[in-house]
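Trainee: Using the UniProt record's numbering, you'd call the opening residue of the sequence shown number 1 and step up by one each time.
It should be emphasised that the hints constitute simulated quantities derived from the structure, not laboratory data. Take these hints with a grain of salt, some might be off.
[Stated by the list, open to error] Label-pair ranges, simulated between beta-carbon atoms: (1) N10 - G82: 52 to 58 Å; (2) Q112 - G82: 18 to 24 Å; (3) N75 - T147: 29 to 35 Å.
Cβ coordinates follow ideal geometry from the N, Cα and C atoms, glycine included.
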Amino acid sequence: MESVQHQRENPLAGFLSQDLNDPGIKHFRPNEAFRKLPMSFDIDKLREAHDEILKIVSYDGLGVNAICLNQIPGNQNSYTGGNLRGIYWTRPDSSYEECQRENYIDETQYSQFIPALGHTYFKTVFDELSKVIRPGRMRLLKTLPRTTLSWHRDPEPRIHIPIVTNPGAIMIINHHCTHMPADGSVYFTDTRGYHTAVNGGEEARVHLVIAVPLQAQ
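Construct the complete structure from the given sequences, taking the supplied hints into account.
Mentor: Here it is, written out as structure tokens:
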């Protein structure tokens, strides 16, 4: 007599034959939180500008790995220290309760590109974006290999322009995740939803990230 174990249907039988090694994971997959915008920039010039920036200023490693490219007019303190971060909300523990982190930053005040960086291609990006939106802080954000950000939400959406990436670098908003290739494309990300960024690769991920203050649009 067959054992009861052998008579039962294997609950995994329908799954084991699947091939989930999907080459499409290296592509962008939009949804309501991720949109590719009808504009683009020269990826080679973006990378050259990034290299040029690093000759002038280094990433601030105070838990954020960021370089801010614009400022409150005439205020050199507006892009250093805590001003590299800004208010967000998170649910950090088993209570599932939401709490606030950091302080409010008025993104609408960041209307001046930092003069010392104005010779780089990022100034062109800032000027072109300013023709269609009123940008907030424009920052270079670096995510180190095999690291992730916190699970959090921001007060406004963000525009992402990937500069250096790899297939293991993905962004998640609510329950949707996607890779954003570094090919000069410009992506709208609605970071008012809970989100994180994961770099599962073995080299740093660098995105140019621009806040979109809602009250200024």
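Trainee: All the hints need checking, so say for each whether the structure fits it.
Mentor: Results of checking the hints against the structure:
1. N10 - G82: 52 to 58 Å: About 55 Å separates the Cβ atoms of N10 and G82, which means 52 to 58 Å holds.
2. Q112 - G82: 18 to 24 Å: Once the Cβ atoms are compared, 19 Å apart, the range 18 to 24 Å for G82 and Q112 holds.
3. N75 - T147: 29 to 35 Å: The hinted range 29 to 35 Å holds for N75 and T147, with Cβ atoms some 31 Å apart.
When each numbered hint is compared with the structure, no violation occurs for any of them.
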